[in-house]
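Assemble the whole structure, with the sequences as input and the hints as a guide.
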Amino acid sequence: MSGQHIFLELILMPLLAFMIGLFLVLMMRKVRARIERRVGPPFLQPLWDIIKLYVKKMQISHGVIHDLGIIMLLGGYITAEVFLPVPGMSGFTSQGDIITLIYLMMVPSLGLALGVGQCANPNGSIGISRALTAMLAYDIPFIVVIAGACLYYGTTDLTEIIALQKSQQWGLLSMPILALAGLIAIHAMLGKEPFEIYVAPAEIATGPMVEMSGKYLGSLFVMQCLQIYTITVLYTSLFLGGGYTWFDFIPKLFLVALLPVMITVIFPRYKTDDVLRWLWKWPTGLALLGLAIVVLQG
Amino acid sequence: MSVLDLDHVFFLLIVNIGIAVLWGNRPFVGKILTLLYILEGLSILTSYHVLLSGAVLSSSLTFTVMQQTVQWQLGVSGGFFALITFMAAGLATWFSSGVWARSYAPIRLLHSYMALNVAAMLLLLASNDFLGLFIAWELVSLVSFLIIAINGGRSAKAAYSYILYAFLGAMAILLALIIIWNATNSFSYVEVRHHWSTMSVNRQLIVVLLLITGFGIKMAILPFHRWQAPAYAYVPAPVAAFLGAISSRMGLFALFIVLLQVVGIDVIQTLWLPFEIINMQTFLLWLAALTLIIPTFIALRQTDARLLLAWHGIGQGGFMLLGILSANALGTAGGIMHVFNHASYQAALFFAVFSVSYRTGTADLDRLGGLVTRMPISFTVMLVGIIGLAGLPPMNGFVSKWLIYKALLDEGMPLLFLAAVIGTLGTILSVYKLIHNTFLGQLRLEHENIKEVPWSMSIPMMILASIVFITGYFPGLLLESIAAMQSTLGISVVDYHLGGVNTGKGNLNMIVVVSTMLMAIGMGALIFFVLGNPRKQVTQWDNYAGGHFLTSDMRYQYSHNFYPGLMRVISPLYRNTIFWLESAIVSTVQFMAHISYALFMQANYLLYLILLVVISLLWVLAV
Amino acid sequence: MQDSLILLVVLPLLLAFLLPVIARYLGNLSGLTGSLLLLFNILLLANAWNSVGYSPKVILLGGFAAPLGIVFYIDKLNMLFAILTTIIALLLWPCRTHNTDVREYVLWLLLLAGCYGVILSGDLFNIYVFYELLAVASYGLVTLPATGASYIAGFRYLMISALGSAFALLGIALIYSFTGSVNIAHLAQIIPDHLHHIWGYSAALLLIIGFGVKAELFPVNFWVAEVYSHADKRVTALLAGVVSKIAVLIILRFIILLFPWQDIFNFLLLLGIIGVIVGEFAAFYAQDLLRLLAFSSIAQSGLVIIAFACATEAGIMAGIALAIHHLLLKPALFLLASHCDRSINDLAGLAKSSPWASALFVILALSLLGVPPLPGFWAKLLLLQSLMAEQYLLLLVLVLLATIVEAAYLFRLFMLFYQRQEMPEQKRITIQGQELYPVITLSGILLLGLFFLPLFMDSLREIAMQTSNIEAYINTVLGKVQHIGEGNI
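Chains as they are written, first to last, in the working numbering: chain C, 115 to 412; chain E, -10 to 612; chain G, 11 to 499.
Heads up, a few of these hints could be off.
Said to hold, decoys possible - Restricting the straight-line Cα-Cα distance to at most 27 Å, the calculated cross-link-like pairs of lysine-lysine (DSSO-like) are:
#1 C:Lys306 - C:Lys144
#2 C:Lys395 - C:Lys385
#3 C:Lys366 - E:Lys494
#4 C:Lys166 - E:Lys525
#5 C:Lys366 - C:Lys280
#6 C:Lys171 - C:Lys306
#7 C:Lys366 - C:Lys306
#8 E:Lys494 - E:Lys20
#9 C:Lys170 - E:Lys146
#10 E:Lys146 - G:Lys67
#11 C:Lys280 - E:Lys494
#12 E:Lys440 - E:Lys525
#13 C:Lys144 - C:Lys170
#14 E:Lys525 - C:Lys171
Bear in mind the hints are in silico, worked out from the structure with no lab data behind them.
The following block contains the structure:
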């Protein structure tokens, strides 16, 4: 691979991720609006939101770490995109496997946490405390799912996992229980109801976002796009055979994102304790069952 | 360089001890000692290529007893650990060499004990058979006791409980050695390995368990974990950093040598616990996993930064053991690498925490906050340290943990992998609390005029932080020695390059990962700083409070019981079983002691004795 | 040449009788005569050591051959103990303390004569006689401080010793009534095979318990704490260091030569391990330093007895090593502790007032604990090896666990010593002056001995070999031809 090619991918992959992420966000907002019998935002609304926030006049910084946290958050996701294979581009996937990817995905959380911490607002800190607790909750089933999938494929290299699925069958078919558990886990990961205790607008003034104004919030919006993209791509690569071309890849992403959104609206919010208990009980149980099946088959 | 390179090091160590004992109170001595430690490290480093080729550095220190020749020579494993020891000791002494020394009265004791510790550890690392190992082991225990007890009071109490545990461990090791001696008539590693199978399976099992207990106590594996955190927390800064970095890893070193070189992982894999319930290796792996998880979640509950770090030290020890016992090239490499990595970030973290308590007078996480603007260097060091401890890229902790995760997945142990990740997640929660409660959040009014610590303290911290980053960037630097270690021990060797490892089924190249991260963070910075309107910085106390008027003397820092939801769920799991067990044992011993004493103090003892004799005489006559 | 060794016993006795007269003319200098005597004894022994060589020798007293005549048996083990006794006695000799009563010298000399006699004698009755001599002298020495507590301790000691003597005498009587002999070599031919029944066992138990009183054997050792904490510290040191080891030596001879039965070994192992456990536990509870040391001494004697009760060459070697170690070490510890006859809590911060003494105490106590590379470790290692060789795993574990208890109280003590807490002036304890010389000599011997460890191990093995060689003992004493009275039963 030539250096030029690599450089191109380095720019292109995050950019594509951002764009697809924008559409995923749009879709989520639209679907949600439709279920709530609203019209929903126009086509470019997510982008306009971000631009609006960036050009706002009032940009309050609470200190260097506040800025650094935001940069870390963006940087973490941009890095993660380069390690996620998409049709036609595999970036650095061969140099860092799925374990690396999972841990790269924790870097933005840490960045956010640092930035919010510097703001010194107790609501923000409470939000982070809840977010990290939620991370502990959903990562356990998620890790079991990853372990099961890696065990089944016998590799932790994402490109190989995709290639294996293409040559045999999709993970969804070979490991249905794990796929289901994974779906629940990514639902929690996306922070949608009923797992959105850490933003809880009425209670802690949307938690981590409480001191975020202007482009700080705008960057969080960017992060949201990248986050949805990353999670859906990861799930698609693990269970839906990745993408043959962009034309089947993008619908898969939308499908994966659609499922949580379809059901999220009908839920109220779980307490932190209940998030933990529920996620450690059902998806974890399912995932362990799926893992047991994988181990017994293997 | 001559063959007896190790003699130079021993000589330097003796000089070191001498200087520390004689002139430890003088202001310049800390710097001289630092230089000496560096010199010792360098003298090993200059002949490191010899070690890498599989040769040893021998010393003239030797004696023969019971037909056993005990001699001290440093192999590559010992050399690797010795370098970590010198790094930790040198930087710790540097830290204490300047202004800090003025705030600490028994500085001479500190320097002397530190030098003694390093010397004893080197003896341990250079030991070459069970007898030498045991002698050095006891010396290490004693000098650790000295250095732990240095502050008196709480730390003396902790040292006392340490030495009891250490003796329990020493006795277990001694018993194992005696059983081994009985079967093989030798203390030498080679002979023991050769004649290992002459022992019955039960004996083998007992010996392995005893060795695990004995050496494991030093690294505080479950259920012997209770002594370590208070012992490592209530000591002065350089001591805490030194102990946290390397001291308890001596147990790991001994286990590494004994289990992998002498017993052999293949033997451990074929040993079964009674009734064939569980394989020895699996048992030990789960022990390691519990040692990872339980102390980590105990750390999560701490409100004292020092205790928090000390508990994490125990947990990370479990990580290392998990790697070493995985019987996988990647796993052993990860386990050993984690020793170095842990030493570097743990020392950095202790330095950062103690810098804060040096300036503010407390390490209580409920009484700090917002110090990032006042102590930016300490904050940066702590940030690097916690990223390393939590095992996130780009720091070195990630690499070793990745190797261990990968090994566990490759060996088909998904549940252990899950356990390892749970440990990591707990660590992330806990270290965020650490940095948030110390450096982020609201600055307390009384800390308004706090300054950064002086250079003599911040330079060692920064050196450590850069080591954490550099070895994360180029893990091949460490993997080279680890591969040499693996080949001398005769176990499978990791396929490494400067940036990481190739396994064929998922690779890691940290050079790429870290470079990408740096570039991505650059991109993020570009997006953030260039796009949009310029930002305006407000003061640290300018805050939104939902309609209330906030003043700086109002405390609104969210710090105590940082994870209430989580604690509500998992607090029933903290049962203090071991604490209960420990006090039960203490009470039993006291009860027995009282009974024994009372027996001797009987006024009519003689009468009872005569009665007893008369009765037995009658019985004899009757028979 | 070896015949001159009789002088070992004779000279102290003679001097003991003459001393009151000498004291009239020389006054305080009369103590020096005792020192000179001991020096002479050392020379005598050193001279004889070379000539003993590899084969043991026998001295016939009065010209009658054994088994009728009285014999002194001389082998390396006896010589070793005689030498060590002399050295310790010389170091502890009371003449350096001011205004010593002449009666004290006399008692010391009698005690020493008893010690030599017990060590060298080759027949049961003489052993008993010298043992009584030793016992009577020690009653007097124990009560020398003339305090109420020392009288009470002395009385307890007297009572239990009297019981022990009665037992021993009873045992000897039993044996004599069955065999018609008291010569050990002669008995060694008869008892193991012909007295292997309840009366033989009874005699064995009576003898072991009887001599066990001085050996600090478990059920008959309750005098130890009181006596050691209230008697003069030099006397304590001598009793704890030397006399107890001599009594153990006698028991060793008995079980090797006379009663080599597994039941007896097991019985001794049981008593030994109970002694170790009870001793360590009691020491853990003890609130003053002297009692603590006394209880630890009980435990150490238990260890020696366990080692001997293995009755193998390795066991004997281990036992001798432990005995020598304790014999050199305990006197030093008792002397160091001699000013500390109060609660151990008063010792807080001792290291500040007497740093060298406390450092020495710590090093010696670590050796007691068996911390490598101090000499105690090697002795303990030998013990553990011999236990393992006999597959006494349970015993092994108990010994090791007892060591942890020992570590618990010793380290508690160390921490008190080094506590950084100022004691009020009047409570401050210092160790100085005359105690330090013997202590330094003893610990010097111990620590320097470490450099000759391999050499020492070899000679120990040799001694153990010689000791466990029953044939050699019998042949040496009786000559190859004499098997008189074998058919007496």
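Status of the hints after comparison with the structure:
Restraint check for Lys306 of chain C and Lys144 of chain C: satisfied, since their Cα atoms lie roughly 15 Å apart, inside the 27 Å limit. Under the criterion of a C-alpha separation no larger than 27 Å, the hint pairing Lys395 of chain C with Lys385 of chain C is consistent with the structure, at around 15 Å. Only pairs whose Cα atoms come within 27 Å are accepted, and Lys366 of chain C paired with Lys494 of chain E is accepted, the gap being roughly 26 Å. For the hint pairing Lys166 of chain C with Lys525 of chain E, the CA-to-CA distance comes to about 17 Å; that is within 27 Å, so the pair holds.
Distance hint between Lys366 of chain C and Lys280 of chain C is fulfilled; the C-alpha atoms sit about 15 Å from each other, no more than 27 Å. Our distance criterion of 27 Å between C-alpha atoms is broken by Lys171 of chain C and Lys306 of chain C, whose separation comes to about 30 Å. With a C-alpha separation of about 19 Å, the suggested pairing of Lys366 of chain C with Lys306 of chain C holds against the 27 Å cut-off. Between Lys494 of chain E and Lys20 of chain E, the direct Cα distance comes to roughly 49 Å. Violation of the 27 Å bound is thereby established for this hinted pair.
A C-alpha spacing of about 59 Å is found between Lys170 of chain C and Lys146 of chain E, which places the hinted pair above 27 Å, so the restraint is violated. Restraint check for Lys146 of chain E and Lys67 of chain G: not satisfied, since their Cα atoms lie roughly 57 Å apart, outside the 27 Å limit. Pair hint Lys280 of chain C plus Lys494 of chain E holds up; C-alpha atoms about 17 Å apart against a cutoff of 27 Å. Simply put, Lys440 of chain E and Lys525 of chain E have alpha-carbon atoms about 24 Å apart, close enough for the 27 Å limit, and the pair holds.
Restraint check: the Cα-Cα separation between Lys144 of chain C and Lys170 of chain C comes to about 25 Å, which is no more than 27 Å; the hinted pair holds. A threshold of 27 Å between alpha carbons decides the hint, and for Lys525 of chain E with Lys171 of chain C the separation of about 10 Å falls inside it, so the pair holds.
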